[in-house]
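Number of protein chains: 4
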Amino acid sequence: MTAVGFIGLGLMGEPMARNLIAAGFKLRVFNRSLAKAEPLAGLGAVVCASAAEAAQTGGIVVTMLANDAALEEVTLGAGGILKTLGRDGVHLSMSTVSPETARKLAEAHEKAGSHYVAAPVFGRPDAAAAKELNICLSGPAAAKARVKPLLEAMGRTVHDFGTGPGTANVVKLCGNFLILAAIESLAEALALAEKHGIDRAAVATFFSETRFNCPVYKGYGAILAARRYAPPGFALELGYKDSQLIQATAAKARVPMAVADLVDERLRASIAKGRQNLDWTAIELLVAEAAGLSAG
Amino acid sequence: MTAVGFIGLGLMGEPMARNLIAAGFKLRVFNRSLAKAEPLAGLGAVVCASAAEAAQTGGIVVTMLANDAALEEVTLGAGGILKTLGRDGVHLSMSTVSPETARKLAEAHEKAGSHYVAAPVFGRPDAAAAKELNICLSGPAAAKARVKPLLEAMGRTVHDFGTGPGTANVVKLCGNFLILAAIESLAEALALAEKHGIDRAAVATFFSETRFNCPVYKGYGAILAARRYAPPGFALELGYKDSQLIQATAAKARVPMAVADLVDERLRASIAKGRQNLDWTAIELLVAEAAGLSAG
Amino acid sequence: MTAVGFIGLGLMGEPMARNLIAAGFKLRVFNRSLAKAEPLAGLGAVVCASAAEAAQTGGIVVTMLANDAALEEVTLGAGGILKTLGRDGVHLSMSTVSPETARKLAEAHEKAGSHYVAAPVFGRPDAAAAKELNICLSGPAAAKARVKPLLEAMGRTVHDFGTGPGTANVVKLCGNFLILAAIESLAEALALAEKHGIDRAAVATFFSETRFNCPVYKGYGAILAARRYAPPGFALELGYKDSQLIQATAAKARVPMAVADLVDERLRASIAKGRQNLDWTAIELLVAEAAGLSAG
Amino acid sequence: MTAVGFIGLGLMGEPMARNLIAAGFKLRVFNRSLAKAEPLAGLGAVVCASAAEAAQTGGIVVTMLANDAALEEVTLGAGGILKTLGRDGVHLSMSTVSPETARKLAEAHEKAGSHYVAAPVFGRPDAAAAKELNICLSGPAAAKARVKPLLEAMGRTVHDFGTGPGTANVVKLCGNFLILAAIESLAEALALAEKHGIDRAAVATFFSETRFNCPVYKGYGAILAARRYAPPGFALELGYKDSQLIQATAAKARVPMAVADLVDERLRASIAKGRQNLDWTAIELLVAEAAGLSAG
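Protein chains in written order, with my numbering: chain A, 1 to 296; chain B, 1 to 296; chain C, 1 to 296; chain D, 1 to 296.
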């Protein structure tokens, strides 16, 4: 069996790689900071000195990186996978990046005879560890079929959105937008309740047990009720990165998104106030402050 | 057993009254348009000629009316329940009204020796018929205890928010705000997807099966994906009434709520465009139009 | 010559009354706190014990009051002018009130055989003292003609907006909205400049000397550049009162006004933070804080 | 006397170049479409085949181009001015571009021994023709002194904002933002007035003769009152380009600008509706439509 390349062993990538190993895949891993690769070496992974080296001709490479620039670098850069992946190779790209970057990379791969499959995920590091990720998928049919066993080893559900190279990324951005919108809405509702002397937790619990009994409202409702913003589950700074991808994608597609503008501003103001390392739910503090509530 | 008064036999009140009868309560019903009371007469309810007549000294009267003015009229008006309800009577007020109206009526009842219990509900007419309402509750402890059997006959869950006369109403307004915010957010997300050529229904389904698998996102997601705005489940005009209650409550409490402002505008513009009789989800049309999507 | 009634000797009313006296009018003045009337008594004004007493049958009464409730009280209340003003009297109403209140009072006057002329003003106390007010006018033609000499004694320009009872009030609200919008816009622009290390005053001066060389941008630009919010020229709390009139008027007329929503929120949040006694330009502090600027 | 290079003979550049010639400067002109250069040849300008050719070692080159990409191309591109301008040359850059582009080009010039002066302008083509531009200036002191005679030949006023390479560009973006904000505010105010049956032109005239008697409110007020959006004075599409520069600059500097977000959305939605070739004031149509006004 050809080894699978795996590039990017951060908070998300590391448990995903472990799940692939647990499912019997041989991995060739690469991470900018090599120290993070060592524990996987102990599980049998081959640690590579470059992205290029992790890819094998005609094989599959999974990437899970922090942003568009990092993904472009490991794909198109000097030590990137594009050349080594070669004919019929598949790049399984799971990072949250813009649809534009996805289209650009897909084109580069097609020119080189390889294929690009977009497969961004929903779920935090603990969901990654527990194989509970929800994965959005788009790309060429044959390539998608080929990576399916890997996806099943890493996630709980896979949702196919067709053949467009950036389609799955649009859906991923829609999802992050919906989460941010839910956070902002909950923050405003809880401020209204608190200002009337009503217990925040009682209100959050009520909604998350009745009409909004889903992971987003349950999870974020509890965090917001208790204002538990450190340590971050997802750092506000990264949330702003995603929000800026939403902004750029909406601007380019000419889609006015008023709530997206609002949450982008909240994230921006939070960073301006030095809150970039709190959880992204900490945008709530701005709502509380504007309502004259002392938030802690 | 003393008969229970029931005032307001609209789309919501009528099935709620039926459930009380089914649970064994004797009802004295009143509705402005008497025709609506007749089917209940067939089930044994006593049809009264005025609100006052529906109330019995020391008894319980349930009200389920369209707005604050109607509730004030049947309570404080010439033929209102305040005088007939008398000492130790309980007014179980289930309409969506402002916390201010609730406080005003509670005060009037206390002066008259009776009690006011706020118990606004979440759920549409079909949920009322199926006894699946979620009921928020606040008011004096003894009065709440006394109405509990009625609430259990009409709803699936009851959530106690303490003794404040308007507290449950604030929670109800929070809920309607959260629903409007979810509608607006979904509308924006679906516009972004559709503008990228992605099937609206596939996106709505994906979210409502994964991180947002709750009644609000499932139900409204399906309506928004298909743009099924007529006949209305909840008329946009009524949604605007509720939104204006949210606005007034937030303004008075000095709570800035940017998303609430936005949805209020959407409702207002929809009415200005003649869409008051569509479902309140039809605010989505403004989002679609602004994105240059032909919505139907 | 019949004396002219003048009710309301606050920061605006007092200098306006002085200008009428200086122009040769005999005044019968009333103010809730009588102390404020004494200086005018020294100039020959007759100090009255009630609003009713200040009005003379068939005469003219000027009112300049703090809000809708005060105006309704001195007009329709027990000691109000409606009865004493009598047949052919004219109520020259110069306060900033809602068009709805104007219509209501106009109707009451017509029933009583007297007339209501709306004449709200633009300008601060110093402009009132200097006869530099800009006055908006609407109401019945004959009544407007009759009050013209008074208006010319109090203002620099008079702008006739027809016969509608509340028309001039709508224009006045439009103006206050435009001022608030200019304040918010300047605050955002100056934040962008300051965050780039550019001197706020230099930017404000540049615009107010070139494309925006008008009183609003000159005056507010200077205040905002220096963040000179105390003592207030126009207290933030009063600005919120006007903003709420704009909100109510827009909501009733079904006119979505996104910028009006935004400034209303700014005022509300400022009050929630305890800034109600600063100048209304102090909404800028929220912009500065959100940008991470230390505002003094 | 060394000839001055002039690159970009569009609606703005052409009359600016004419004014330089009229003031006695010898010009070497370049324009992508050569036809536009011919009339200037008749006035003695030397028509060049490339940007590089228009620049002379140690001389001055004026650029007036449509966007950041065009400016980068004529500066850094293959046939760009950077190499030919050489030691001690000055690039007088008058286009509306981002401060980031300005900084990037300034750095490239300093490396090459030449200097970059930012001098964006306020004013439309007719103001350019009439030498009535207001010019913002920033850059190295000696270079600014050297270009002063040219600026005086093209504009009415010059405002120095110091030595920062992108400083003048920030001020220019602030100005375009303030204009957009004024357009939106006027549109909302006029909608409120029109919905109350008040003549739009009367309201616009009133404000532009009193507290807002400055070019922006006079000019745009008249256009908005009459809804005269074609032919465009400044095409909406170009306005969106500028708005996106504002968005990017604010995002990078972490300055939340809520009104800027709003107008950006208005421009975006207008383009989505096919209005890109109308005047940028045509964002008003969205306000009118949302208020249920038939706009034409």
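It is possible that some hints are incorrect.
[What the hints assert, rightly or not] Lysine-lysine pairs mimicking BS3-like chemistry, simulated, CA-CA at most 30 Å apart:
hint, chain 1, residue 1, chain 2, residue 2
1, B, 241, A, 241
2, D, 241, D, 83
3, C, 131, C, 195
4, B, 104, C, 241
5, D, 111, C, 195
6, B, 195, A, 195
7, B, 148, A, 273
8, A, 241, D, 241
9, C, 83, B, 252
10, C, 148, B, 241
11, D, 111, C, 148
12, A, 104, A, 195
13, C, 195, C, 83
[As the list claims (entries may be wrong)] Label-pair restraints from in silico Cβ distances:
hint, chain 1, residue 1, chain 2, residue 2, range
14, A, 234, D, 132, 21 to 29 Å
15, A, 41, D, 86, 24 to 32 Å
16, A, 57, B, 226, 45 to 53 Å
17, A, 238, B, 201, 47 to 55 Å
18, A, 41, C, 274, 18 to 26 Å
[As the list claims (entries may be wrong)] Here are some chain D residues pointing at chain B (derived, C-beta under 10 Å):
hint, residue
19, 103
20, 197
21, 254
22, 271
23, 274
24, 289
Don't read these hints as lab results, they were simulated from the structure. Predicted model, so just to flag it, every value in this text is computed and none were measured. C-beta atoms are modelled at their ideal positions from N, C-alpha and C, and glycine is treated no differently.
Hints, one by one, checked against the model:
Under the criterion of a C-alpha separation no larger than 30 Å, the hint pairing residue 241 of chain B with residue 241 of chain A is inconsistent with the structure, at around 38 Å. Taken as a hint, the residue 241 of chain D and residue 83 of chain D pair is honoured in the structure, with Cα atoms around 29 Å apart against an allowance of 30 Å. Among the hinted pairs, residue 131 of chain C with residue 195 of chain C is inconsistent with the structure: their alpha-carbon atoms are about 40 Å apart, more than 30 Å. For the proposed pair residue 104 of chain B and residue 241 of chain C, the alpha carbon gap of about 23 Å is at most 30 Å, so the pair holds.
With a C-alpha separation of about 27 Å, the suggested pair residue 111 of chain D and residue 195 of chain C falls inside the 30 Å cut-off, and the hint holds. Our distance criterion of 30 Å between C-alpha atoms is broken by residue 195 of chain B and residue 195 of chain A, whose separation comes to about 40 Å. For the hint linking residue 148 of chain B to residue 273 of chain A, the alpha-carbon distance of about 48 Å lies beyond 30 Å, and the restraint is violated. Using a Cα cut-off of 30 Å, the hinted pair residue 241 of chain A and residue 241 of chain D holds, with the two alpha carbons roughly 22 Å apart.
A C-alpha spacing of about 35 Å is found between residue 83 of chain C and residue 252 of chain B, which places the hinted pair above 30 Å, so the restraint is violated. A distance of roughly 42 Å separates the Cα atoms of residue 148 of chain C and residue 241 of chain B; the hinted pair therefore is violated under the 30 Å criterion. Between residue 111 of chain D and residue 148 of chain C, the direct Cα distance comes to roughly 70 Å. Violation of the 30 Å bound is thereby established for this hinted pair. Taken as a hint, the residue 104 of chain A and residue 195 of chain A pair is broken in the structure, with Cα atoms around 49 Å apart against an allowance of 30 Å.
Distance restraint check for residue 195 of chain C and residue 83 of chain C: the Cα-Cα separation of roughly 60 Å exceeds the 30 Å cut-off, and the hinted pair is therefore not satisfied. Between residue 234 of chain A and residue 132 of chain D the beta carbon distance is about 53 Å. The supplied range of 21 to 29 Å is therefore violated. Checking the proposed 24 to 32 Å range against residue 41 of chain A and residue 86 of chain D shows it is violated: the Cβ atoms sit about 56 Å from each other. At roughly 47 Å, the beta carbons of residue 57 of chain A and residue 226 of chain B sit within the given window of 45 to 53 Å.
About 30 Å separates the C-beta atoms of residue 238 of chain A and residue 201 of chain B, a value inconsistent with the hinted range of 47 to 55 Å. Roughly 59 Å separates the CB atoms of residue 41 of chain A and residue 274 of chain C, a value that falls outside the hinted 18 to 26 Å. At its closest, the beta carbon of residue 103 of chain D sits 32 Å from a beta carbon of chain B; the interface hint therefore is violated under the 10 Å criterion. Evaluation of the residue 197 of chain D hint against chain B yields a violated restraint, the C-beta minimum of about 15 Å exceeding 10 Å.
The interface hint given for residue 254 of chain D is broken, as the beta carbon of that residue sits about 19 Å from the closest beta carbon of chain B, more than 10 Å. For residue 271 of chain D, the interface hint holds, since its Cβ comes within 10 Å of a Cβ in chain B; the closest pair sits about 8 Å apart. The beta carbon of residue 274 of chain D comes within 7 Å of a beta carbon in chain B, closer than 10 Å, and the hint placing it at the interface holds. Because the beta carbon of residue 289 of chain D sits about 8 Å from the nearest beta carbon in chain B, less than 10 Å, this interface hint is met.
Of the numbered hints listed earlier, those contradicted by the structure are 1, 3, 6, 7, 9, 10, 11, 12, 13, 14, 15, 17, 18, 19, 20 and 21.
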